[in-house]
Amino acid sequence: MATREQVVAVTFNAAWNDAGLERVLGELAHRRTPATFFLTGDFADRYREVVKRIAAAGHGLGNHSYSHPYFNDLTAAGRSREVRAADRALRAAGAGRALTPFFRFPYGETTPAQIGQVNELGFADIEFTTDTNGWKGTEGGMTVDRAVRRALDALRPGAILQMHVGASQGRDEVIDPQALPRILDAFTARGYRVIDLRTLLTPTRTARSGR
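Convert by adding 235 to the 1-based position in the sequence shown; the result is the number in this note's numbering.
Source of the hints: derived by calculation from the structure; they are not laboratory data.
One or more of the hints may lead you astray.
DEER-style ranges, computed between Cβ atoms [what the hints assert, rightly or not]:
hint : residue 1 : residue 2 : range
1    : Thr-364   : Ala-292   : 19 to 29 Å
2    : Pro-304   : Lys-371   : 17 to 27 Å
3    : Pro-416   : Thr-373   : 16 to 26 Å
4    : Tyr-305   : Glu-374   : 14 to 24 Å
From a predicted model like this one, the values you see are computed outputs, not experimental measurements.
Glycine included, every Cβ here is placed at the ideal spot set by N, Cα and C.
Kindly generate the complete structure, drawing on both the sequences and the hints.
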């Protein structure tokens, strides 16, 4: 986001399982560090207690679609259903006041028309400066060291870091929760402060928002 302050926002996507959640929430609590979690509606339906835990810890909750499809493959009506169904699921799971008007597209796949549609539904499109790629796991050539390096290489004022909770396709290896403490330590060492995405982004400073 456009700022000269040495601040960064940390975000997590969740669509698969909650394998790394305990470590992530513990690390954030220990350091009193805020984060925003973008959950799919399907995840919220399957892990209602997780939604409540994230909300109770004071973190923000964002919409990541219901089933994490490729939006380019959907009709406009299909995209609307995905966004609205996820919103209903998050509310039903107990997101409460932690729920934000933020939406993150699956796979980072966006077009101006799709962003405009999401805006019309009442959500701001929240993208990211970099993804650690920890979600790829060792099978995808990733390591904790590489995840940390990706986060630091993209560090700049107003950066938004994307990480992931859980592991895909039945895996239980989660790189991002292991990398998180090192990333946060490095941010501090470089003079950066992690701030709540809800305070970093305002209607006048949010790119591509149009509520």
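Right, here's what the structure says about each hint:
Our hint of 19 to 29 Å for Thr-364 and Ala-292 holds, since their Cβ atoms are close to 24 Å apart. Evaluation of the 17 to 27 Å hint for Pro-304 and Lys-371 yields a pass: the beta carbon distance comes to about 20 Å. For the pair Pro-416 and Thr-373, the beta carbons lie near 19 Å from each other, so the given range of 16 to 26 Å is met. Remark: the range hint 14 to 24 Å for Tyr-305 to Glu-374 is upheld by a beta-carbon distance near 22 Å.
Of the numbered hints listed earlier, not one is contradicted by the structure.
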